[in-house]
Amino acid sequence: MTHAHGDHLGAVVLNQNPDAPNAVCAGNFPSIPTPNSITAEIAAAKNSAVFANATLASFIATKIAAVLGTPTTAGCSGTGLGNEVVVPLTSPCTAPLNSGAKRTVRLSSASQGVEIHAVTAEHPSEPPLTLLNDQLRTLVAANGVNVYVGLAQGFVITFTNGLKVYLSGDTGWTHEMDSILKNVGVNLVVINIGDSFTTGPPEAAFAIGLIQPAAVIPSHANEVATTGGNVNSGTRTEQFINLVSELRLSQFNDVRDRFIPPRTVQAYVPRSGITMEFDSDAQCVSGCP
Numbered sequence: 005m006t007h008a009h010g011d012h013l014g015a016v017v018l019n020q021n022p023d024a025p026n027a028v029c030a031g032n033f034p035s036i037p038t039p040n041s042i043t044a045e046i047a048a049a050k051n052s053a054v055f056a057n058a059t060l061a062s063f064i065a066t067k068i069a070a071v072l073g074t075p076t077t078a079g080c081s082g083t084g085l086g087n088e089v090v091v092p093l094t095s096p097c098t099a100p101l102n103s104g105a106k107r108t109v110r111l112s113s114a115s116q117g118v119e120i121h122a123v124t125a126e127h128p129s130e131p132p133l134t135l136l137n138d139q140l141r142t143l144v145a146a147n148g149v150n151v152y153v154g155l156a157q158g159f160v161i162t163f164t165n166g167l168k169v170y171l172s173g174d175t176g177w178t179h180e181m182d183s184i185l186k187n188v189g190v191n192l193v194v195i196n197i198g199d200s201f202t203t204g205p206p207e208a209a210f211a212i213g214l215i216q217p218a219a220v221i222p223s224h225a226n227e228v229a230t231t232g233g234n235v236n237s238g239t240r241t242e243q244f245i246n247l248v249s250e251l252r253l254s255q256f257n258d259v260r261d262r263f264i265p266p267r268t269v270q271a272y273v274p275r276s277g278i279t280m281e282f283d284s285d286a287q288c289v290s291g292c293p
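Residues 5 to 293 (my numbering) are what the sequence shown spells out, left to right.
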């Protein structure tokens, strides 16, 4: 969990079948408030391990406990140098993970796990007022403020096939894009393009030029980006794809680049109900248009 905003924690439950012919994705779609967050409800139902900064993990833990009717939610046990969490679990737990730290999650039948590194994100992290108790909600609302539950983060996730994915976490520009993220070898980026509250298309494309991945998936566009699986004209998504297609990146960042043509970055647009799969080099092997 990158941060506490309602569109990430889940402050409302969708009150429609998303596959129905009359389902809507834009505007005021039908929803029902949930007092404990969709995240907590999923974790309670699926015995999930929830990875988040320590403060947010504690906040989510109270919500999971409220769903289950238990006094507390346990912290995930961590073993070895990677603070490894082994799944499946018999009960939900929270796994604190602050910026700069790493934890591993491994399937019990597997010999190798997925590494999750937390990295800096420049973004607020206040929960929806509906997720606060009555007393606190009244107090902060009367003052036109909110409460913060730790710092927003992004994550670098290293899968067992070697693929390294940077989940930006609604961030703006950070220095790490041209240093840590570039040098750890991130080859697939999921980056927000919605503008106003996150990077917009030009800023996100500039960030991709800094990070230098092989591929990128735009997210958080805040628009109806596609129709029938095709990108709509005049959208932020189209603008971002066009800007990324113009990038020309060095192959090696050394003298060899004088003799080798620059490389490009491939943008893949997510589509509802379709899973994209990537190999270790961020080449799409399934589910990509």
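Be aware that a few hints might be false.
[Said to hold, decoys possible] Straight-line distance between alpha carbons at most 25 Å, and here's what the computed BS3-like set of lysine-lysine pairs gives:
#1 K186 <-> K168
#2 K168 <-> K106
#3 K186 <-> K106
#4 K106 <-> K50
[Said to hold, decoys possible] Simulated DEER-style distance windows between Cβ atoms:
#5 N19 <-> N246: 49 to 59 Å
#6 T74 <-> S284: 33 to 43 Å
#7 F33 <-> S112: 35 to 45 Å
#8 D283 <-> P92: 44 to 54 Å
#9 P265 <-> Y152: 25 to 35 Å
#10 N51 <-> P265: 25 to 35 Å
Keep in mind that the hints were calculated from the coordinates and are not lab data.
A virtual CB, placed ideally from N, CA and C, is assigned to each residue, including glycine.
Hints, one by one, checked against the model:
1. For the hint pairing K186 with K168, the CA-to-CA distance comes to about 11 Å; that is within 25 Å, so the pair holds.
2. Restraint check for K168 and K106: satisfied, since their Cα atoms lie roughly 14 Å apart, inside the 25 Å limit.
3. Of the supplied pair hints, the one linking K186 and K106 holds, its CA atoms being roughly 18 Å apart against a limit of 25 Å.
4. Distance restraint check for K106 and K50: the Cα-Cα separation of roughly 23 Å lies within the 25 Å cut-off, and the hinted pair is therefore satisfied.
5. A C-beta distance of roughly 36 Å is found between N19 and N246, which places it outside the suggested range of 49 to 59 Å.
6. Restraint check, T74 to S284: a C-beta distance of roughly 41 Å satisfies the suggested window 33 to 43 Å.
7. Between F33 and S112 the CB atoms are about 39 Å apart, so this pair conforms to the stated range of 35 to 45 Å.
8. One distance hint, 44 to 54 Å for the beta-carbon pair D283 and P92, is violated here, with the actual separation near 26 Å.
9. Judged by the Cβ atoms, the range 25 to 35 Å given for P265 and Y152 is violated: they are separated by roughly 47 Å.
10. Between N51 and P265 the beta carbons are some 50 Å apart, a value that contradicts the proposed interval 25 to 35 Å.
The earlier numbered hints that this structure contradicts are 5, 8, 9 and 10.
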